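Number of protein chains: 2
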Amino acid sequence: MRTNPPSPPKVLAFDVFGTVVDWHSGIAREVQALRPAIDGDAFALAWRAGYQPAMRRVMSGELGWTLIDDLHRLILDGILEQFGLGDLTEDDKKHLNKAWHRLDPWPDVVAGLTRLKSRYTICTLSNGNIGLLADMAKRGGLPWDCILSAEVFRAYKPDPATYLGVAKVFDVAPSEVMLVAAHQDDLAAARACGLQTAYIERPAEFGAAHPKDISPHPANTRHAKDFLALADQLGC
Amino acid sequence: MRTNPPSPPKVLAFDVFGTVVDWHSGIAREVQALRPAIDGDAFALAWRAGYQPAMRRVMSGELGWTLIDDLHRLILDGILEQFGLGDLTEDDKKHLNKAWHRLDPWPDVVAGLTRLKSRYTICTLSNGNIGLLADMAKRGGLPWDCILSAEVFRAYKPDPATYLGVAKVFDVAPSEVMLVAAHQDDLAAARACGLQTAYIERPAEFGAAHPKDISPHPANTRHAKDFLALADQLGC
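Same order as they appear, the protein sequences are chains A and B.
Each residue of the first sequence is one higher than the one before, counting from 4 in my numbering.
Each residue of the second sequence is one higher than the one before, counting from 4 in my numbering.
Hints listed in this document are in silico derivations from the structure and should not be mistaken for laboratory results.
Any given hint could turn out to be false.
If chains are identical, the list can't say which one is meant, so a pair holds when it fits in one copy or spans any two.
Listed below are the simulated EDC-like cross-link pairs for lysine to aspartate or glutamate, each with C-alpha atoms no more than 20 Å apart in a straight line [to be verified]:
(1) K96 / D174
(2) K96 / D235
(3) K171 / D72
(4) K13 / D42
(5) K101 / D72
(6) K101 / E84
(7) K141 / D174
(8) K97 / D174
Since this is a predicted model, take the numbers as computed values, not measurements.
With the rest of the complex left out, here is chain A:
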């Protein structure tokens, strides 16, 4: 732990997929509800694996500005056959695509956010579209002060316009915003824009069978097991 942490932030901006919600078990559960025999673990990993390449197609200009709901559908259509789901009805596909709106928060999240909200402005900073994030928050009881998204900034993370956009929205300095995320690359990009950063351990993000590296990176302002531990560290 640092001996001289920087001044406390005013705004905590949270990455969502993996950091706030457990996409792996949620997607596995939803696809198995449609087809009990499917390998939910492999399906969830395959769907998520299409995410970064799809966003790169938008960022490179190959695709125009596209909401994550539509990118999810594009990726889904590309993996249905390999999982024997080519015969799903259009209604089933639409329903499955919105599984990303119905992901559950990790067990510490609601209590942790509620404590953090008592002292800080808490918002999302996700590549997910606003409607997805709002549906997820309403279903899961996530007490955001504000939902910010790539959709607001017309740019995906790690574009600096997203991190700096949070500071602009709240009329504060970049150093008064802390990005909270379970992904070191997201945090590194935020740090390059002058934000404070908090790493959250989510060892089971990719499923219990695929534990991920959660070792601390000294450049982060904070490193916490979960949102309750972050609330402890931030005096809430």
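Following the hints, complete the assembly by docking chain B onto the known chain A.
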């Protein structure tokens, strides 16, 4: 009252200034806190009167896209002298300009929104910028599911992009969105886009000394005294 109201909406989108919060008494209170002798009523009316003309300068292209915080400051700078406030420090001007972030909700609002939220998705649809609306919500305990703003759509009401934008964000038909507002012109523009509309009486919007016409317009889906009456009508 209609005998056959349309299907219930899924999303309630709320105008904010005048409908949710009492800008007149809030602005009067804040300027009088700086200068007790000032005519707070006249000052609040003068500041607000500059709002529509300033937005028209943006919509006409004379000004580039501008946040309401910056339009408020432009208008404020234009009226300071006539109210004998030309000697305010820059810090005082900045503080006063943010009075719009610190407006109080009408007395029925928090209880009414809480009831409406139990059954519908509730969001703002305001020309105010996101940071303003988020600060206001945090201070006043407004339990929005989502803060939508002209800033998200890069267009001010009554541009159809704002009303139709709400439907797009939540992936519903325009007729599944109800605009809730204390202003017939806002409601008429929403109706022209296919939204349902609810008029809320706010007779003291311009101050007790300037009661406004609150007569019903038959084209509105609902007409309610306040948010509690709207919750009654919408079965919450």
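Hint check:
no.: 1; hint: K96 / D174; in the structure: between (41 Å within a copy, 15 Å between copies)
no.: 2; hint: K96 / D235; in the structure: neither (42 Å within a copy, 37 Å between copies)
no.: 3; hint: K171 / D72; in the structure: between (26 Å within a copy, 12 Å between copies)
no.: 4; hint: K13 / D42; in the structure: neither (43 Å within a copy, 35 Å between copies)
no.: 5; hint: K101 / D72; in the structure: within (7 Å within a copy, 36 Å between copies)
no.: 6; hint: K101 / E84; in the structure: within (19 Å within a copy, 55 Å between copies)
no.: 7; hint: K141 / D174; in the structure: between (27 Å within a copy, 15 Å between copies)
no.: 8; hint: K97 / D174; in the structure: between (38 Å within a copy, 12 Å between copies)
Consistency with the previously given hints fails for numbers 2, 4, ordered from lowest to highest.
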